[in-house]
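Below, each chain spelled out in residue letters.
Protein chains: 2
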Amino acid sequence: MGDTGGMSPVLALVTRPALSRPATGHAASHDDGVELVDPAAAHLLVTDLGVQRGDGIFETIGVSNGSPLSLDEHLARFAHSAALLDLPDPDLEVWRRAILTAIGAHESAQELSAKIVLTRGVPGRGEASGWVWVEPAGDFTAARTDGIRVVTLDRGYRHDAAEPAPWLLLGAKTLSYAVNQAALREAERRGADDVIFVSSDGYVLEGPTSTVIVRHGQSVSTTPTTAGILAGTTQARAFDFFSSRGFACEFALMPLERLRQADAAWLVSSVRQAAPVRALDGAPLAVDTALTADLVAALLTPPQR
Amino acid sequence: MGDTGGMSPVLALVTRPALSRPATGHAASHDDGVELVDPAAAHLLVTDLGVQRGDGIFETIGVSNGSPLSLDEHLARFAHSAALLDLPDPDLEVWRRAILTAIGAHESAQELSAKIVLTRGVPGRGEASGWVWVEPAGDFTAARTDGIRVVTLDRGYRHDAAEPAPWLLLGAKTLSYAVNQAALREAERRGADDVIFVSSDGYVLEGPTSTVIVRHGQSVSTTPTTAGILAGTTQARAFDFFSSRGFACEFALMPLERLRQADAAWLVSSVRQAAPVRALDGAPLAVDTALTADLVAALLTPPQR
Numbered sequence: 000m001g002d003t004g005g006m007s008p009v010l011a012l013v014t015r016p017a018l019s020r021p022a023t024g025h026a027a028s029h030d031d032g033v034e035l036v037d038p039a040a041a042h043l044l045v046t047d048l049g050v051q052r053g054d055g056i057f058e059t060i061g062v063s064n065g066s067p068l069s070l071d072e073h074l075a076r077f078a079h080s081a082a083l084l085d086l087p088d089p090d091l092e093v094w095r096r097a098i099l100t101a102i103g104a105h106e107s108a109q110e111l112s113a114k115i116v117l118t119r120g121v122p123g124r125g126e127a128s129g130w131v132w133v134e135p136a137g138d139f140t141a142a143r144t145d146g147i148r149v150v151t152l153d154r155g156y157r158h159d160a161a162e163p164a165p166w167l168l169l170g171a172k173t174l175s176y177a178v179n180q181a182a183l184r185e186a187e188r189r190g191a192d193d194v195i196f197v198s199s200d201g202y203v204l205e206g207p208t209s210t211v212i213v214r215h216g217q218s219v220s221t222t223p224t225t226a227g228i229l230a231g232t233t234q235a236r237a238f239d240f241f242s243s244r245g246f247a248c249e250f251a252l253m254p255l256e257r258l259r260q261a262d263a264a265w266l267v268s269s270v271r272q273a274a275p276v277r278a279l280d281g282a283p284l285a286v287d288t289a290l291t292a293d294l295v296a297a298l299l300t301p302p303q304r
Numbered sequence: 000m001g002d003t004g005g006m007s008p009v010l011a012l013v014t015r016p017a018l019s020r021p022a023t024g025h026a027a028s029h030d031d032g033v034e035l036v037d038p039a040a041a042h043l044l045v046t047d048l049g050v051q052r053g054d055g056i057f058e059t060i061g062v063s064n065g066s067p068l069s070l071d072e073h074l075a076r077f078a079h080s081a082a083l084l085d086l087p088d089p090d091l092e093v094w095r096r097a098i099l100t101a102i103g104a105h106e107s108a109q110e111l112s113a114k115i116v117l118t119r120g121v122p123g124r125g126e127a128s129g130w131v132w133v134e135p136a137g138d139f140t141a142a143r144t145d146g147i148r149v150v151t152l153d154r155g156y157r158h159d160a161a162e163p164a165p166w167l168l169l170g171a172k173t174l175s176y177a178v179n180q181a182a183l184r185e186a187e188r189r190g191a192d193d194v195i196f197v198s199s200d201g202y203v204l205e206g207p208t209s210t211v212i213v214r215h216g217q218s219v220s221t222t223p224t225t226a227g228i229l230a231g232t233t234q235a236r237a238f239d240f241f242s243s244r245g246f247a248c249e250f251a252l253m254p255l256e257r258l259r260q261a262d263a264a265w266l267v268s269s270v271r272q273a274a275p276v277r278a279l280d281g282a283p284l285a286v287d288t289a290l291t292a293d294l295v296a297a298l299l300t301p302p303q304r
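Going down the list, the protein sequences come from chains U and Y. Heads up, the first sequence is in numbering that gives the first Met the number 0, so the first residue is 0 and it goes up one at a time. Heads up, the second sequence is in numbering that gives the first Met the number 0, so the first residue is 0 and it goes up one at a time.
Source of the hints: derived by calculation from the structure; they are not laboratory data. It is possible that part of the hints are untrue.
[As the list claims (entries may be wrong)] Counterexamples of contact, computed for chain U against chain Y with all Cβ distances above 12 Å: (1) Ala41; (2) His42; (3) Thr46; (4) Asp47; (5) Gly65; (6) Ser66; (7) Glu92; (8) Trp130; (9) Trp132; (10) Ala171; (11) Tyr176; (12) Glu185; (13) Pro207; (14) Gly216; (15) Ala247; (16) Thr291.
[As the list claims (entries may be wrong)] Part of the chain U face toward chain Y, derived, beta carbon under 10 Å: (17) Gln51; (18) Asp85; (19) Pro87; (20) Leu91; (21) Arg148; (22) Arg157; (23) Ala278.
[As the list claims (entries may be wrong)] Between beta-carbon pairs, the in silico distance windows are: (24) Y:Pro163 / U:Gly245: 26 to 36 Å; (25) Y:Pro254 / U:Asp159: 55 to 65 Å; (26) Y:Leu255 / U:Arg257: 31 to 41 Å; (27) Y:Ser107 / U:Arg124: 23 to 33 Å; (28) Y:Leu35 / U:Gly103: 57 to 67 Å; (29) Y:Asp145 / U:Gly125: 21 to 31 Å.
A virtual CB, placed ideally from N, CA and C, is assigned to each residue, including glycine.
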C-alpha cells in the first residue's frame, strides 16, 4: 500500500460479507454489515485462511475526487473471483455500502485507493472475513508522464492452460500473489519498474498488477481473458477512450515478437491508471506524452450518471 | 488446521524473527524473541503482506510425544524458502526456541502439529511477522490404514519450469496456496481425498501438501526437486525406512503412465505421515497395510540423539 501522505487510512470491517450467511458477532449492533474500526489495531487471527493459505480474493479500486471508478465492474469481478474459489457469494450491496462508507470516512484527497478483501475466514467458523481499506493513492506522476521500464518474464503456464484446469484459478484475483511479488523484485534486480508476463508458449499475458494495452498504428489491442488473465476493469475504460479517439480496439492473442514491434504500449491498472512503457527488456519504446495525459485524465474522470 | 480435540491451541509470536533485525516492540521485555499470547485474539493487521499478497512462507512440523520430527530439516527448508522469496534470513535459533516453547506450553498429546509462519510484515515497517501455532494433529487413522483416493491434476507448469524462472517460486513453501486448496476442492468434487499434481508435460510432481513415493517391486522412487517441487522432509525419513527394509531408493522423474503401473504409492507429509494410495483416478491400487503401519510407526519415532 502506498505512502499515506500523512493522512490516516480508513478500515471498515464487512461484518456481513456473504449472501445468506448469519451475521457475525460484530454485526449484531450494526445491521448495515459495515463497521469502521481502528486501522492501526490487529483484526485478524493468525488462523485466518487468508494468511494461512492465501485463500481469498481482492480488488483494488481507484477513487477520483471521492468517486470510486468502475465500481460495478470491480464488484462483478470480485463476485466472479469468489465463484472461481468456491467462496461464499459476496453480498455486493453490503460491499458497495462498505466501500462508500470507508471512502466517506477518509479525509478528502484527489486520488485514493480502496482495497476490498474477502477470505475464507477461520477454519471451523463457517464465516468469511471481509474488509475495506482506503488510503491515499501513491504519487504516480513520474510513471504516468515519463513512463516505466518493463521486462518480460515467463509466467510458466501455456496461453491455453486456464480452460481445462480451473483449479489453477487463472482469471481469479486471489490473495496468493507471492509469484507476482517475486516477479516485481526480479524486475527491480534487472533495473526495471514493472513486468509483462508471457505464457510459456510465447504470448503476451498481463502485468503482475496491470493489463497490457499495445498500439500498432491506429489499432490498440489487449490479451483476451481466455488466455488466463484477469478481465481488466481499467482496460475497458481505456478502450472507451481509444475508441473515442478513432483507434480500432481489439482483443487478440499477441506473440511477444509482435509486442516488440509495437508503436506504443501501456500498463493500465486501477490506481496508477496508465503508465506508458518507455523500455521493453532494455529496448526503448516511444512514449506519446500528450496521448497518455489525455488517457489518464479520461480514466480519472468518473462516469456521468 | 485440524480438530483440536477439546485442547486449546498455543500461539507463540516470534518477536525477533530475522537475523540482524531490530527487535519489535513486543520483544522489549522478552529478549528470547518468543512471546506466548492468547490464540483466540487477533494479532495480525489486515495490511500484513502475509494476507495482502500471500507473501510469506511456512512449515508444518509433526510432533510425536512432545518431540518435533525432522526439526533441523524443517528449519533448513524454512530458511531456503525465505531465501527464494528474498525475505529476511530467519534466526533459526529463535525459531527453534519458539517451536519448543510452544510445544512445551501445549497440553501433552500423542501427536501435535506445529506450524511456523514468516511473512514480509506490514509495508513500511521493515519488519517481518512470525509466529508458531501448535495444536493437536487430526485423527488420520483411516487415511493411514485404509488409504486414500487420489486424482491426478495438471499443475500447469512443465517439469523443467523452475530453473530458468526462479520468480515462479517453485520449491518454496509459500503462503500463496490458493491453487493447492482449489486442487483439493476439485478432488473432493471428483469423490477423492487428495491430489497428485502432474506437470503440463506429463510427469509426476507432488501432492498439494505432500510428497509422492512410488513402489515398483523392490524399488521406491520419488520426484527430484529439480522438477520444481519441495524437498520432502518426511520423504527423507521414509527413504531411511525403505532402505532399512531392503528397498532400492531413488529420485527419478516419472511419467504419469509409470505411476499408473505402480505396485503401491504413498503420499507422505509431516503430520499425516504416510497415507497409502488406494485408488488413482478411480483405478484401484494395492495397499500393503502391514508395511504402511511399519512406515507410519517409523516416521513417528523421534530419532535417537
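Worksheet item: Of the numbered hints stated previously, which ones are contradicted by the structure, given in increasing order?
Response: Of the numbered hints given earlier, those the structure breaks are 1, 2, 3, 4, 8, 9, 10, 11, 12, 13, 19, 20, 21, 23, 24, 25, 28, listed in rising order.
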